[in-house]
Structure formats: C-alpha cells, structure tokens
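J.: Protein sequence lines, in the order shown, are assigned to chains A, B and C.
The opening residue of the first sequence carries number 2 in this note's numbering; numbering runs sequentially from there.
The opening residue of the second sequence carries number 22 in this note's numbering; numbering runs sequentially from there.
The opening residue of the third sequence carries number 17 in this note's numbering; numbering runs sequentially from there.
Source of the hints: derived by calculation from the structure; they are not laboratory data.
Computed from a prediction, not measured in an experiment: that's the story for all the values here.
Certain hints may be false.
What the hints assert, rightly or not - Distance ranges between label pairs, derived from CB positions:
| hint | chain 1 | residue 1 | chain 2 | residue 2 | range |
| --- | --- | --- | --- | --- | --- |
| 1 | C | P254 | B | G513 | 25 to 33 angstroms |
| 2 | A | G30 | B | S480 | 16 to 24 angstroms |
| 3 | B | W72 | C | D93 | 56 to 64 angstroms |
Even for Gly, the Cβ is constructed at its ideal location relative to N, Cα and C.
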Amino acid sequence: MSPLVLDQVTVRYGRSTVVDEVSLTVEPGQTLGLVGESGCGKSTVARAIVGLVPLTGGHVLLGGRPLPRRGRRRPVQMVFQDPYSSLDPRMSVGESIAEGFAERLSPVARRTEVARLLDLVHLDPARAKSLPGRLSGGQRQRVALARALAGRPEVVVADEITSALDVSVQAAVLNLVREMQRELGLSMLFISHNLAVVRYVAHDVAVMQDGRIVESGPSDEVLTVPRDEYTRTLLEAVPGAGA
Amino acid sequence: MRRVLTPLGITGFALLALILFLAVFAPSIWGDRATTVDVPSALQGSSSEHWLGTDALGRDLFARVLVATRLSLELAAIATVIRVAVGLLLGTAPMFLGRRLGGVVMAAVTILVAFPALLVVLFLATIFGVGATGAVLAIGLAGAPSFARLCHTLFASVEASDYIAAARTAGVSRPRILFRHVLPNVAEPLVVSATIDMGYTLLAFAGLSFLGLGVQVPSYDWGQLMQDNLSRIYTDPLAAIGPGLAVVIAGLAFNFIGEAVARSFGTRDDVRRPVAPPRRVPASLRRQDQPDLLTVEDLRVDFTTSRGVSRPVRGVSFSVKAGEAVGIVGESGSGKSMTALAVAGLVDEAGVVDAGRLSFDGADLLDGGDHRRLLGTSLAMVFQDPMTSFNPAHRIGAQLAEVGRTHQALGRRVAWARAVDRLQAVRVREPERRARQYPFEFSGGMRQRAMLAMGLMGSPRLVIADEPTTALDVTVQKEVLALLGEIREQEGAALLFISHDVSVVREVCDRVLVMYAGRIVEDLPASELDESSHPYTRALVAAVPHMETDTDRPLAVIPGQMIDPSESPAGCAFAARCPRASVRCGVEEPVLEVLPSGARVACWHPGEARSVLMEKAEVRR
Amino acid sequence: MTLQLAAPAVRPASWLGGRWVRFAVRRTGRLLVSVWVLATAAFLMVHAVPGDPVRAALGANAPASLVEAKRASLGLDRPLLEQYLSFLQGLVTGDLGSSIVTQVEVSETIRTGLPGTLTLAVAAFVLAVAVSIPLGVGIAVLTRRGRARRTEFAFAGTSVVLGTIPDFLLGVLLVYLFAVELQWFPVAGRSGPESYVLPVIALAAGAVAILSRIMRVEMLAVLEADYMRTARAKRLSPLRTYLVHALPNAVTATLTIGGLLLGGLVAGTVLVENVFAWPGLGGTLVRSMLGKDYPLVQGIVLVYGVLVLLVQTLVDVLLALLDPRSTIGDS
C-alpha cells in the first residue's frame, strides 16, 4: 500500500481554471474527505485523478509513480454520484461488476468472484442477473461500489456517492463505506458537500474553494478549530450549528 | 415487443408483409401481364379486366404497379443502406479522427443538414446524371448528413454518461466500450430512425421519377408510372392516382412501424383519467370556522394509472395556526410533497383530491367557489428546483408583476414598481436591473429569493415551501432560511416547510409532522425530535449524521424499502421494517392518537426504549 | 407576448444590447459562411460532372469546334482558381453566366421565375405556421394526460397519413377533386388568388401534419414543466396560463425542431410547380437538369439554397425574440 499524492494538480477548460495547483495526499488505509460547495472543482479533482479529465499541470502519483492509463490494471477506482446513470441500463449487474476485473477469469471464477463482491456489499448474489432498472438507488450504489472493488484497487475515489439517496439509505451506504475501508484497508478520497457526512467517514479533511485548497488537516482539528475564514463560514452554515 | 403491437404497429407490420410479398413474388406472377403489349386496348380506363386501366401500349397498369414494388423497394433499400453507412461514418468521425478533425467534419455536417434533402438530391442528381443509379446515390448521400447528426447526438449523449466514465475508469478498452456500452444504447433509436427514413426514401424516389430524373424507360418504378399516366387525371383518374396510392401505402407501412416502436419507448400519456368522480362531504357536514389558519382533515390524493390506483396521501389531518412554522419530514415516497400540493390546490388534473375538510383563512377550499384571489395573494409557494420553477421566456420582474396585475388590479407601472420593491425586500441587489433580467441570468439562490418575492407581492398568511433549499449550497441555504424567518416575523405569516432533512426542519420549525407511506405517523414539537415516540421518527433522526455524531458507532439504518403508493397493507405500513413490530402491527392499522402532551403518534408500541432499536441495528450489521 | 410588455419601456441595459449585437454578428457570420459554402458547392458541381459538361449539354453530334468555342465562352479553359474567383465576383455583381442552350442570361431567367416560386413558398410558410401552431396547441390541451383518446388517435392517424402523402401526389388528388370534378379552382397556372389555393395547400399540408404533431408533443411537455405549476400557483386564469406561460415555450421548442422543415418548403416548390404547371423556377430547374444546361442549374440551385438559408435565419430571429436564452451561445 502506498500513498496517493496529488502534486500541484491544475485543470483548465479554455481560459477558466477549475482546479488550481491542488496538492493532496491520501495516506494508505486512510480516508481523506474533500469538501466544498458546488462549482468549487472537487468533482473535477476526482475525474482528473482517474484520467477522465486531462491535467493541465501537476502530477498524480501512486507510490511515487504515475498512474497507468492503459491496460486492465487500474489501481485507482471511482464511484459516481448518480447511481441511476452510472450503471449501463442494458448490462446485468454481474456483467457490470465483471468489467472491473483486472485479469481474465474463467466463467466459473467470474461468477464466484461476482458473488463474493455482491456479498461483500450486502447484496444477494442472485442479483447478478438483474438489470439495474430493477434495483433501488441504494442497491445500485452498492453495485457501483462492488464494481469499483472488482479491480482490487488501492484507492477508491467516491464522488458525492450519497447525495442522490434518501437519508436512511445514505446511512446504510456510509456504514458500508466505513466497513470496506476498515476491513479491506482501502485508501479513499471521499468527496461531499455535506460536512457532517465527511466528518463521519474521513480521518483527514481538505476544504476547497474556487479551485484551491484553503485548509486541510485531521478531521477533528479542521472541523472543530478551523483556521480558515471560509471553513468557518461553511461550518456555521451547517443546520443546527449554533445558528 | 408487446407494446409495439398496438393497432398502429399491427397495421404497419401487415402492410409491410404485403409489400415484401409483392416485392418477392409479383414479378414472377404478374410479370408477363405487366409487359404484354396490346396496342388496340391502349389507354383504357378502369374496368373489371384492368382495375387501373391500361397504359399507352395497352399494358395492364395494376400488374405494372404490383411488379414495380420490387424495383421501388430495392432502390429505396439501397439508398437507405448508403444513407446509414455514410451517416454512421460521418457521425462517428469525431471518435476516430480526434477532436479537431472530427469537429471540422461535424461543422460541415451541420451546414449540410440545413439544406433540405430534396435540394441536395437535385444537386447531386445533376452531378451523377439522370437515371436510377444517379438517383440512388443522390438520395442516399443527401440523407447522410441528418443521419450523421442523429448518430453524433446519440453517441455524444451516451459517451458523456457516467457508466461510460465508470467503464473507462475500470480500464475497459475503447473497442469494448464501443461495442458493449455505446452501440447497444444507441442502436434502438437509430433503427427506428432508419425505418421511418426508409418510408421517406420511397417517397423521394417517387418524386424524382415523377420529375423524370429517376428511373428511366424501359424500367419502371411507382414514380415513373405516375409520371407516365399523370396527364390522364381528367379522363382516367384511377390510372393517374393508382401508382401514387402504392407509394403512400408503402410509406405508411414504414411510418406506422416506426411510430409504433417510437411510442413504445416514451409513454408520456401513461396516467389515465380517474374513473370515479371525487367523493365530497356535503358542506353542511363540515364543522364551522375555528381559529386555525389552515385546517386539513382526512386529506386523500388518488391517481389512477395504467397499473392501478396509486394513493400517495392516505388520510392526513393537521392544522397550522397563524404565524406557526410546521415542518413535514419523510423520505421520498412518503407523500409529503403531494400533501403540500393538495393543500395548495395544485395537484394536477390526473389526481383526485378529497378531504373531510380543507379550509384556509376562513374559506372552505372545497366549496367549489372561486378562491383564486385569496390563494393568489395570501398563499405563497416556493418549490424545490429554482432552475425550472421560473418561466424561461419571461423577465423576472414581469413574472412578479403579473401577480399584482391579476389579483390586485394594479396598473402596469405600479405592478412593476411593486415587483422591484419586493425584489429589494428579499435583498436582491440592484433590483431595477435584476427585474429586467431573465431567469437564466439568476443563480439558484437568487431565484429562490425571487420566488419568495413573488409570494410577497400580496400579503401572505401562509408560505408553503417544498424542499426550498435542497438544491442549494449550505451557505446559500442558510441565507434563504434566514430570509424565510424574516418574512415570518415581518408579515406574521405561517410556514409549512417540507423537507427530507430533519436537521433543517428542526432549525426552522416549531412543530414537525413525520410522514410515512402517505400518513402522518407522528406530530411533535421540533425540540422533542430526539425524544420521539415513533420508531420511524427515531430511526430517521438517528440515520442522519450531524456534527456531534459518535463516529465510532455505525449509523442507524432502516432495512427494506417503503411500500409502493399502489399497495395497501393491512396493518401498519412501517411494520415490515420496524424493530418493534408485533403480530398486531401486521393486521391492525394504528390510529393517530393524541398524547397527554398534545403530540400525536400512530404506533401500537410507542416510546419503547431507544436501545432496542440500536441493538437491532447492531445485529443487522 | 403580453407579459413582456408589462415591463415599462426602459432602455435595455448596455450589456443586454451587447448580447443582441453579438447575436446579430454571430448569426450573420453563420449566414455568410453558409452562403459561401453553397456558392463553392454550386461552382464545384459543374466540375464534378463526369466527362465534359459542355459536350454533354450540346450532345454527341455537336462539332468539336462549337464545343471548344462554348468552353472558351464559359471560361472552362481557364485555370480552376481563376474560374472560381471570377464566379464569386460574378455572384456579387449578379452575373450568373448564361444558358448553354438558349443563351439567355441566367439572372434574367431567375428574375422571371423567382416571383412565382417566392409567393408560393411564402404563402405555404405562412399557412403552415398559422395552422399548425393553433392546431397543435388545441389538440394538446384536449388530449393532455390521456384524455380524449379517440381525438388523439384520430389526430395521430390523420397526421401520419397526411405526412406520408408526398406533396406532388396530394397536388394531383386536389386537382382531381377540386379542379376536375368540382371545378372550384383552376387546374393549373398562376392567375388570380384562387389559383394559389390548391398549390399552397399541397405544399403546406405535409408540413402542417408534422409541425402540428411536434407542437402537440412540445405543448404537452411544457404543460408538465415546473414553471407551469408556478403559474398555477399564481392563480392566473387558465387562458392566461396557456397563452402567456405555455405557448411561447412550446413554440420555441417546435421551431427549434421544425425550423428545417420550413426551409424544406422552398425545395418542395419544385415538385408542386411541376404538378400545377406553375410559372416559377421549379419547372425551369427540371428542364435544365434534363437538358444538362449546367449554368442554369447552377444559378437556380444557388437561388434555392439562399432562400432556404434566409428562411432559417428568419426562424432563428423568431426564436431569439421568443426565447432570450437562444441569443447566447450557439444552439
């Protein structure tokens, strides 16, 4: 296990700079929470890490080496916000998960592995044959998590994975995230606009505003004694926070 | 497939079968008859022997129309193949040629699409020369740009979807993404489009042959037969029109099939009209006025859909006092938004709203009278999605001023001035300039302010806010909530605040109604949410992490799913998910009972130890 | 719409004016580029004809000297680039060359034929818009949420059938019914107002069928929109809700989709003119195509193309007036 390091990562679209020299480190086995408001660039950071968005500047390094952009092995996997659009509607749950496998497996091995992953995310392995249309939002998000785990990643990037879910389902997914993280020793970059959610899952927190990181550090420090003005504003805006 | 076999689809397939049969067998069955020259009986009108009459050489026209099916269809098919092949090639060019070169191709396609196909056909026919080959090439190529654009649009939308991003992240190869993800998801609309276009291609050939630019003698297709006999419209109308009818029937076959398939995708008209007229309690049976601003008794909303009756609201009773802030919380499907809409009289026509009593500000909203003015000035609404709740075609100021013009008989200038004033009241900066802007020039938070300003055009006694801050960032949410508080203070307005977020409701409201599966399960002061009696309320509160949540313990979860609004369980709707459920809960529906404290709860086992719930949650892990 | 008028006549803020100026500049730019592409295509058309266009026009029996002389007079013996530049120069000055067959100047032929074609196309355009918008709105309101299923089915059936009948065939049917049998209207030719009735209907009917269907679907979609709920929450009269709040948005969407169709009316005149022996450019175009009179074909195609582009520009301007968003960015 090795740290995921973002070194001065910059992303520009035309003339606008969306991500501005962001440096972050996701320590092995730890969860880094990335918080900020809509349009601050946090989702772009996620997409830049997994190569969906080209970097204008800087590096993304895993264990000191750049991430592979070719081939089946992808040590960084991602889970997306909208569980209704992140699964191909015409592909069964099992097939979707199997796409994430890093190596070719025999049909039997595939089936067992898919069943193991479904069980891991607390879904009935018989669901492997279902199409995503038959699943609820929470179940879909579990499948998405299973697909991310299929590639046996070292780091999982989770981009607002609970913001489209009802609160009771959110709780179950958050519990699952923590369980995965603890039992598999995963490193995770957990992106959310919800400070309470980030506080619940993350060891460290980075606060992003207008493409820049304004403050970062251990969760209990940043979220209790914030040093940055913007972090304070965010904390004060949380409903029920001393208003 | 079953949904394709509507009367329309069946007619289409039947016609297509007939045409295919003729294309295959007509030349061998009627081929001789169609070519037998019989000069003495030339140019005859319709008769029992010659249904459509004969042509200038005495050949039977009906047989010629039947035999011409093959050539007409062949030409159209080849042209369609050319169109689809070239269109696919052009449409997917950006994928193969890279962004820049592909962009040039698509720019060219965009310019070409602007020209009508017929014009391009004529242009190309000039180059390729008069005749069947030239016509096939011209018609095929002329259709290619529009097909290319359709391909491009579909590919681009699928390419941009999250599941493609997920596959790329997972290291799935380009070709595999194309074949496993992209093609299956674009194939259906492309096939439908190609089918419908096959019909239009047939018509295009007929047009070209009709102009004498298509199929040349001695070959003949339907258009050529039409051109040949058109001048006989005065004497033998059937001879002139017969070949045209064949073209139309063939065109209809493809159009019907395409239409039927396209309809089976999108079924927008799914909701059917209610069968039974709404049941109403006679006015005399309703109780007379009481000091509550809003009184709702036994409110029900039913929708009749093709899948049966859906009941999102099943007997809801509550009241709101003047100036009071009442929250309704619940998860999606609990019926909270539908309750708000029903109270405001905004349930769309497919829904049947019924209540024992529904009165607002002393007026009985169910008496069938015209309450537009009262509701228009005293009831303000704020909806969830600020991006779609304003009409994009009109200026913000005009949309506000409209209220004053309609209900307060204000003149144009006065109404506009009031709109500007109200925008200022919700602290929109530069209200004169902002009033002249269109909604798309406003940010989400600004639009919610403007929506509140719209409610303030009158003097609202009640503000109904349906998830007004769900789409907003926390800092903006804070401002909008503060604004709501100010309005309550200044106008003395009551608030009905619908939200899925317990922590927001707790902050804004005096009293909270917790809804589950279309019913109120608990009604309690917001300050007592942590000591609630109903297991669902407890779980809902415990499931949401807040800034003091113990991070070492798992969050409380509610296993299972909410019942569908079309089901009606015998007992408590929550029983299947409830840690306290007993036999009684499964058979007998709990009633909403008033507790000594004034709070209400609908549960057979209220207020049992919190630890039970937590233990169960532990066990479930 | 009336709602827009509710705003007092204030000078638009300067940047708002800027948006319109930018729209005008961008739209004009696009029109010019399209015209240039069209002109270039028309120029290349003659050169793309396989073999020698002059030989093809004059026939296999024409003496070689005549062909050579003709080639020289058309400038076909000069370098391609030089020909291209003089062609573009000719366009600007209105010189489109002359017919190979009749020696008449192309611009002269166009001048005689254009009014007939133009009046036909404009009348059909107006009729199509004037009928399909109220029809689509009316049917949408009647059949919303699965009401009046029979009306919906009858409308859908009629519009599919009417949309499938090609305009020239419809023209023939109309002639048979109303000119031959009932003798209400003249069979052919362009004379008084009554001579316009049948050709204009034949040309516009297909467009009406398709446009009114699009209009209905768009209107139904608009009726479900969130802002319509806002309008109802304002307790406006139903008429005002439909006309002021729903209609502009539905028309915008319909024009966006159906704009191309209206341009297609211009090309449709070619077929309809042939049915009704209408004195316009359509008949000339077909005759010159059959006679391989390339300069004439080139000139007429160019005119049709420009007309189509003008119709589309008009539609875009209408859209911009109805929907302020379409002035920003290219749709």
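J.: Hints first: check each against the structure and report whether it holds.
T.: Comparing the hints with the structure gives:
{"no.": "1", "hint": "C:P254 - B:G513: 25 to 33 angstroms", "verdict": "holds, 32 angstroms"}
{"no.": "2", "hint": "A:G30 - B:S480: 16 to 24 angstroms", "verdict": "violated, 60 angstroms"}
{"no.": "3", "hint": "B:W72 - C:D93: 56 to 64 angstroms", "verdict": "holds, 57 angstroms"}
Violated hint: 2 only; the structure is consistent with all others.
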